[in-house]
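Visitor: Starting from the given sequences, assemble the full structure and let the hints guide the process.
Sequence lines, in order, name chains S and C.
Counting in this note's numbering, the first sequence runs from 1 upward without gaps.
Counting in this note's numbering, the second sequence runs from 1 upward without gaps.
These aren't lab readings, by the way, just hints derived from the structure by calculation.
Quick reminder that beta carbons are idealized off the backbone N, C-alpha and C, glycines included.
Among the hints, erroneous ones may be present.
For lysine to any residue, the following SDA-like pairs were computed, each having C-alpha atoms within a straight-line distance of at most 25 Å [stated by the list, open to error]: (1) Lys5/S - Ile149/C; (2) Lys49/C - Pro98/S; (3) Lys170/C - Ala97/C; (4) Lys5/S - Val94/C; (5) Lys5/S - Phe100/C; (6) Lys163/S - Ser86/S; (7) Lys5/S - Ile96/C; (8) Lys5/S - Ile15/S; (9) Lys5/S - Leu82/C; (10) Lys5/S - Trp95/C; (11) Lys5/S - Trp232/S; (12) Lys163/S - Ala244/S; (13) Lys170/C - Thr158/C; (14) Lys5/S - Met99/C; (15) Lys5/S - Ser89/C; (16) Lys5/S - Asn148/C; (17) Lys163/S - Leu153/S; (18) Lys170/C - Ala157/C; (19) Lys5/S - Thr88/C; (20) Lys5/S - Ala81/C; (21) Lys163/S - Phe174/S; (22) Lys5/S - Glu101/C; (23) Lys5/S - Ser147/C; (24) Lys163/S - Val85/S; (25) Lys5/S - Pro98/C; (26) Lys49/C - Ile107/S; (27) Lys49/C - Leu110/S; (28) Lys5/S - Val16/S; (29) Lys5/S - Trp91/C; (30) Lys5/S - Ala92/C.
Now the in silico label distances, taken between C-beta atoms and shown as ranges [what the hints assert, rightly or not]: (31) Arg6/C - Arg97/S: 14 to 24 Å; (32) Thr92/S - Arg31/C: 16 to 26 Å; (33) Leu14/S - Trp22/C: 58 to 68 Å; (34) Val32/C - Leu7/S: 55 to 65 Å; (35) Arg145/S - Ala239/C: 33 to 43 Å; (36) Gln117/S - Leu27/C: 14 to 24 Å; (37) Arg31/C - Val52/S: 34 to 44 Å; (38) Ala92/C - Ser210/S: 33 to 43 Å.
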Amino acid sequence: MTALKGLVLPIGLLIVWQIAAMATGMQSDTLAAPDGILVALVNGLTSAPFWVDTGDTLAAGGMGLALGFSVGAGAGILFALVPPVSRILRVTVELLRPLPSIAIVPIALLIFGFGYQLEVAIVAFATCFPVLVLTESAVRQVEPRLSEVARALGLTAWARITKIVLPAVLPRLFVALRLAAGIALIVAITVEIAANPIGLGSRLLRAASSLRPEDMFATLFWIAFLGWALNWGMLRLQSWLFPAMSRSER
Amino acid sequence: MTLFHRSLWFLASLALLVGLIWGWQILADARVLPRAFFPGPDLTWRALKRGVANGSLLSDTLTTLRRMALGWALASLIGVALGAFVGTSAWARVWIAPMFEALRPLPASAIAPVAMLFLGLTDTMILTLIAFGALWPMLLTTVHGFSNIHIRRREVATSLGLSRSAFITKIALPGALPDIMGGLRLGLTIALILVVVGEMVTVQGGLGARILLAARAFNAPEIFAGIAVLGVIGLLTNAVLSLVETYALRWQRR
Chain S
1 MTALKGLVLP IGLLIVWQIA AMATGMQSDT LAAPDGILVA LVNGLTSAPF
51 WVDTGDTLAA GGMGLALGFS VGAGAGILFA LVPPVSRILR VTVELLRPLP
101 SIAIVPIALL IFGFGYQLEV AIVAFATCFP VLVLTESAVR QVEPRLSEVA
151 RALGLTAWAR ITKIVLPAVL PRLFVALRLA AGIALIVAIT VEIAANPIGL
201 GSRLLRAASS LRPEDMFATL FWIAFLGWAL NWGMLRLQSW LFPAMSRSER
Chain C
1 MTLFHRSLWF LASLALLVGL IWGWQILADA RVLPRAFFPG PDLTWRALKR
51 GVANGSLLSD TLTTLRRMAL GWALASLIGV ALGAFVGTSA WARVWIAPMF
101 EALRPLPASA IAPVAMLFLG LTDTMILTLI AFGALWPMLL TTVHGFSNIH
151 IRRREVATSL GLSRSAFITK IALPGALPDI MGGLRLGLTI ALILVVVGEM
201 VTVQGGLGAR ILLAARAFNA PEIFAGIAVL GVIGLLTNAV LSLVETYALR
251 WQRR
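Guide: Have a look at this one:
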């Protein structure tokens, strides 16, 4: 019931928008009525280029996420298990971390040119640092007694990581993945708007600069839906995989 | 770990950074790294000095800082005010808050083309973009902070006969401050990203436009100089906000 109440305002706004557009007989290069946007969205969803753009964004974002997450999680585990490494790299990491990821687009553009590689590199850079920080703090908070058990059992470093540390931090690692996935989609779209001529971001920019507001708003709603669906799916996956974690987060 | 040990590690860490930069210089001099992409610290430094000397780097930096500060301040005002309204009204939490929650995962930069269409390639468009994007974290953290005010405090406010505005300024706002500060900090990070995006899309001056134009001219040292300045801006603004946060929340540690 409360979920339905939340729908009232957006639907009401859409209806008011539609009525206003019909009452004024709007002809505009910048605004579109909801019915026109819906038609554009349906047209898009049934056409191949729309799905190519969606696939480009998701593929580039996904590959960047995979790369950034692996590097971030690996470095995070290393930093937490071997404190001297973390301490000696502290200044370098702290200098790189606040750098807005979008700022390295121009240099990545020179190196990779337009295309997947550019986007994957930026997404990986953007996701790697938050994952690193979250993983490091998760591994540091692993119950000390577990490490003592590992030492008593005479486990090798590799066995200690795979048998003790990873199972213990898995739920928090997934939270890091969930947050990084959100960042990955945002950064992928941003790179496409700022420079890269592929994917949904570039589609949005093309629709805007060729004065097709219906297409532009349809793409915008589609991007919003993707972001929402990604967030929702990751949350559901989290509560399914790690029920205890999701309860404590609430 | 003692203070002595900590400062020793800090120095070692700093030395490693200097070593890395030095190594970059050696690799650049030995032409191991492609000079077109990684021009070396010396050329980057020269580009920085040239930019400062002819004043263009300074004016671009100031333009970017001004846009970032204005957009962020605008977002903070709207976000905290709207958040206070939604957070203190049970009615608004049921009817309005879900729409905000649903809009949150929308990449803020996706608004850039829309803003461009309505406002053109202008300063206003960049400010709107920043204000819109940085608004969400402030709004949501404020709502969160306000709705988590302990029920006893609400009861105290009711029994003291406080008006709604007195309740907000005297009880709710201080209680929600830790959450709000977190939102302000997140908003600042987003503001820096969006000012660069906005300047890249509109090419209306500022550091974002500067490094994009440098990329089009294959001028790598100029790009690295711009990135360095952006990094410093990110570092300094974050540090200042942390100081403000420590000061504003000093009562929490007692």
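Visitor: Which hints, by number, does the structure contradict?
Guide: Checked against the structure, no hint fails, so every one of them is satisfied.
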